[in-house]
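All chains, please: the whole structure from these sequences, using the hints.
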Amino acid sequence: MSSSQNILVKLNEAGFSLNNKWLVKGVSLQVEKGKIVTLIGPNGSGKSTTAKIALGIYKKIDGEVEKYTNKVGYVPQKISIDWTLPLRVNDFMVLTENLNKETIDEALSLTGVIHLKDKNLGDLSGGEFQRVLLARAISKKPELLVLDEPVQGVDFTGEIALYELIKKISDELNCGILLISHDLHTVMSATDHVVCLNGHVCCSGSPMDVAKNNEYKALFGEQASQILSRYEHRHDHVHTSEGEIKKN
Amino acid sequence: MLDDFFIRALIAGIGVAIVTGPLGCFVVWRRLSYFGDTLAHSALLGVTLAYSMEFNIAFSVFIISSLIALTLIQLQKRTNLPGDALLGLLAHSSLAVGLVVIGFLSFIRFDIMGLLFGDILAVTVDDLLIIWIGGALILLVLKLIWKPLFASTVNYELAEAEGLNPDRAKAIFTILMAAIIAISIKMVGLLLITGMLIIPAAMARNISSSPQKMVIYSIIGGLLSVILGLFSSLEFNTASGPSIIAASLFLFILSLLNIKQSIKLKN
Chain B
992 MSSSQNILVK
1002 LNEAGFSLNN
1012 KWLVKGVSLQ
1022 VEKGKIVTLI
1032 GPNGSGKSTT
1042 AKIALGIYKK
1052 IDGEVEKYTN
1062 KVGYVPQKIS
1072 IDWTLPLRVN
1082 DFMVLTENLN
1092 KETIDEALSL
1102 TGVIHLKDKN
1112 LGDLSGGEFQ
1122 RVLLARAISK
1132 KPELLVLDEP
1142 VQGVDFTGEI
1152 ALYELIKKIS
1162 DELNCGILLI
1172 SHDLHTVMSA
1182 TDHVVCLNGH
1192 VCCSGSPMDV
1202 AKNNEYKALF
1212 GEQASQILSR
1222 YEHRHDHVHT
1232 SEGEIKKN
Chain D
318 MLDDFFIRAL
328 IAGIGVAIVT
338 GPLGCFVVWR
348 RLSYFGDTLA
358 HSALLGVTLA
368 YSMEFNIAFS
378 VFIISSLIAL
388 TLIQLQKRTN
398 LPGDALLGLL
408 AHSSLAVGLV
418 VIGFLSFIRF
428 DIMGLLFGDI
438 LAVTVDDLLI
448 IWIGGALILL
458 VLKLIWKPLF
468 ASTVNYELAE
478 AEGLNPDRAK
488 AIFTILMAAI
498 IAISIKMVGL
508 LLITGMLIIP
518 AAMARNISSS
528 PQKMVIYSII
538 GGLLSVILGL
548 FSSLEFNTAS
558 GPSIIAASLF
568 LFILSLLNIK
578 QSIKLKN
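Protein sequence lines, in the order shown, are assigned to chains B and D.
So the number in the numbering used here is just where the residue sits in the first sequence, counting from 1, plus 991.
So the number in the numbering used here is just where the residue sits in the second sequence, counting from 1, plus 317.
Just so you know, the hints here were simulated from the structure itself, not pulled from any lab data.
Every residue, glycine too, gets a C-beta built ideally from N, C-alpha and C.
Please note that the accuracy of each hint is not assured.
[Said to hold, decoys possible] Just a few of them, taken from the derived set where beta-carbon distance is under 7 Å, the chain D residues facing chain B:
#1 434
#2 436
#3 468
#4 472
#5 475
#6 478
#7 480
#8 525
#9 527
#10 528
Here is the structure:
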């Protein structure tokens, strides 16, 4: 399965330190076409840092990072936009790449915010803005999608729909996804590979393998472990529901 | 009625306004007004060097301002001083050194007022060529780096992550700032150049809903300021720079009325 041609980004013992303190150290992982790799771990465990290393935002890193694509879509965890700029959703969509109207409309419709197209970015609610961020990232049909808590602040039904959308995009565009999430329930069913971080890689593998891992249990508790295995068990069900969306 | 020198000043001013419009928007968006001031102050040193070595003023100012900008970037990397302190350090020390050098150049007749506040009488045909050719080059380069520069102005990490190389765009923009100051110094004077960059852009911000509109309104505001300012400068025999800036302030106040109206409409 994992031929080297399919690799989009590869971290080899990568680490990053700031003010003589390691934010994350010794991370090895790779994202391949059509695969979803999920980073989990407690607050401050280096998930976002790992994503930024993979994206090349941090340059003075330890270890190696090899990036094989320049078609990247990124949804950052925190984004501060300066409101000295008059910026509408439509302007934001073409921020890093020129797209035609159909492509913009399609992406905004997929995340359910097409009606906000001409609104000022500063007037959106947190959840609406999150949907716009996701629409922008997927609209350029990237080969690598890095999603750092992409559904934070989104309402409950929206959250499920957006995760299904992410899974669908990964299949349709055959793009690789590096996903960061706290939500073990919703994510694990669609994840191919889980990397559990705690300043370093504490364990990694399929969701099932990770759930069985003792370090993971120690970090997240017995209950979280049951969530993972339970969802692994219900894998079929998610595929059916995903098929239903395709019919729409 | 309209003398040759006035026509020349008008053509020069129009050329300057077309370039300061879009650059000024970035100065406002990226909060670079003190950076612009620093480069403008250092321009005095460039002017004095041009006089003492019988060199072209615009070219000399461009070189000195670029050097000051590069020095600033190095100082930011190597010291722990805050940005505004470094800007003040460079602005006032280069201004002081420039004034000291002027003291040594007592053999040259110096129109220091014209230097500080602009002098329409001083605009020559050569200056027009420098303004229009230099201005066209600045706009061309700005168009080329627009995407990465604008994207990183909105969010640096997004631009970097999606492969736009924002650091390079920022460095090129710094050079463009030095260039606009170099070509507009005769028109507006070194104390007021930043005003020419900021005030029309600030006026445009009050009345625009998208970045493109803001750039266009900023250019229009700059053009109106130049035309209004130069005519009143001729009428009242005032220095060209302050007259242009005062005209742009007038337009800015008008744009505030627009804001009040739109707030009333919302209620």
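So, going through the hints one by one against the coordinates:
Below 7 Å, beta-carbon pairs count as interface contacts, and residue 434 of chain D has none with chain B, the closest being about 28 Å; its hint is therefore violated. With its C-beta approaching chain B no nearer than about 33 Å, residue 436 of chain D sits outside the 7 Å limit, and its interface hint is violated. Interface hint at residue 468 of chain D: satisfied, since its Cβ lies 5 Å from the closest Cβ of chain B, which is below the 7 Å cut-off. For the restraint placing residue 472 of chain D at the interface with chain B, the shortest Cβ-Cβ distance is roughly 6 Å, inside the 7 Å limit, so the hint holds.
The beta carbon of residue 475 of chain D comes within 6 Å of a beta carbon in chain B, closer than 7 Å, and the hint placing it at the interface holds. The restraint placing residue 478 of chain D at the interface with chain B holds, with a minimum CB-CB distance near 4 Å, inside the 7 Å limit. Proximity of residue 480 of chain D to chain B holds as hinted, the smallest CB-CB distance being about 4 Å (cut-off 7 Å). Hint status for residue 525 of chain D relative to chain B: holds, with the closest Cβ pair at about 5 Å, below 7 Å.
For residue 527 of chain D, the interface hint holds, the least distance from its beta-carbon to any beta-carbon of chain B being 6 Å, beneath 7 Å. Checking residue 528 of chain D against chain B by beta carbon gives a least distance of about 6 Å; that is within 7 Å, so the hint holds.
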